[in-house]
Amino acid sequence: SAVISQKPSRDICQRGTSLTIQCQVDSQVTMMFWYRQQPGQSLTLIATANQGSEATYESGFVIDKFPISRPNLTFSTLTVSNMSPEDSSIYLCSVEDRNRGGFGYTFGSGTRLTVV
Amino acid sequence: AQSVTQLDSHVSVSEGTPVLLRCNYSSSYSPSLFWYVQHPNKGLQLLLKYTSAATLVKGINGFEAEFKKSETSFHLTKPSAHMSDAAEYFCVVSYNTDKLIFGTGTRLQVFP
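Chains as they are written, first to last, in this note's numbering: chain S, 1 to 116; chain G, 1001 to 1112.
It should be emphasised that the hints constitute simulated quantities derived from the structure, not laboratory data.
Among these hints, one or two may not hold up.
Unchecked claim - Pairs of lysine-lysine residues, derived as DSSO-like cross-links and limited to a Cα-Cα distance of at most 27 Å, are as follows: (1) S/Lys7 to G/Lys1099; (2) G/Lys1042 to G/Lys1058; (3) G/Lys1042 to S/Lys7; (4) S/Lys65 to S/Lys7; (5) G/Lys1058 to G/Lys1069; (6) G/Lys1099 to G/Lys1042; (7) G/Lys1099 to G/Lys1068; (8) G/Lys1058 to G/Lys1099; (9) G/Lys1099 to S/Lys65.
Could you put together the complete structure from these sequences and hints?
In structure tokens form, the structure reads like this:
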């Protein structure tokens, strides 16, 4: 199965600043997904990132706030811009893992963001 | 709208007793269904998945789930709970797309 390295694991940031989260996969994948998990909540899909094209954002999420890069088939970044305390969440990346004898999704260990 | 509902936000059991975590999905299309577990301060781990093969799916750590189309359910069970099973469990559905829809989660507590 795919192995995802996500960095940083946690950060405390000042409001108004930006944080870039990185995900590195040990194999080539077509699509990478970015999720947000607000405190005590479930996961919500932010966007889907394909290599070589613009990310597709879900309702309620915009590119200016959450710009995404996907420069190759093993790497992606999510930036949380102009942060406010409401952005305090866990952010996770995910890939579809077709090596699981069908399909499943592997998740990074998450980035715990606190905005003060 | 496509959705998944976890009927219990919290479930408490004693160690050694059975576990039942309930999940229902909307029935617009044939779904793929997953259960994920999230231990405190840990990442998400896939427990099991249903993708239109056998309706009774066996997963890791003794968990299993049964797909019941007539009831649009995919409940997660385990015959005997262990202290290490205490975690948050998410029922997840996908409808012929790559988009995953997460349930709101069920927090499982296991008492000695």
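The hints, checked one at a time:
For the hint linking S/Lys7 to G/Lys1099, the alpha-carbon distance of about 23 Å falls within 27 Å, and the restraint holds. Under the criterion of a C-alpha separation no larger than 27 Å, the hint pairing G/Lys1042 with G/Lys1058 is consistent with the structure, at around 23 Å. With a C-alpha separation of about 14 Å, the suggested pair G/Lys1042 and S/Lys7 falls inside the 27 Å cut-off, and the hint holds. Under the criterion of a C-alpha separation no larger than 27 Å, the hint pairing S/Lys65 with S/Lys7 is consistent with the structure, at around 19 Å.
Of the pairs offered as hints, the one joining G/Lys1058 and G/Lys1069 holds, with about 17 Å between alpha carbons and a cut-off of 27 Å not exceeded. Distance hint between G/Lys1099 and G/Lys1042 is fulfilled; the C-alpha atoms sit about 22 Å from each other, no more than 27 Å. Of the supplied pair hints, the one linking G/Lys1099 and G/Lys1068 holds, its CA atoms being roughly 22 Å apart against a limit of 27 Å. Between G/Lys1058 and G/Lys1099 the CA atoms are separated by roughly 23 Å; this keeps the pair inside 27 Å, and the hint holds.
Proximity of G/Lys1099 to S/Lys65 is assessed by CA-CA distance (about 21 Å); at most 27 Å being required, the pair is judged to hold.
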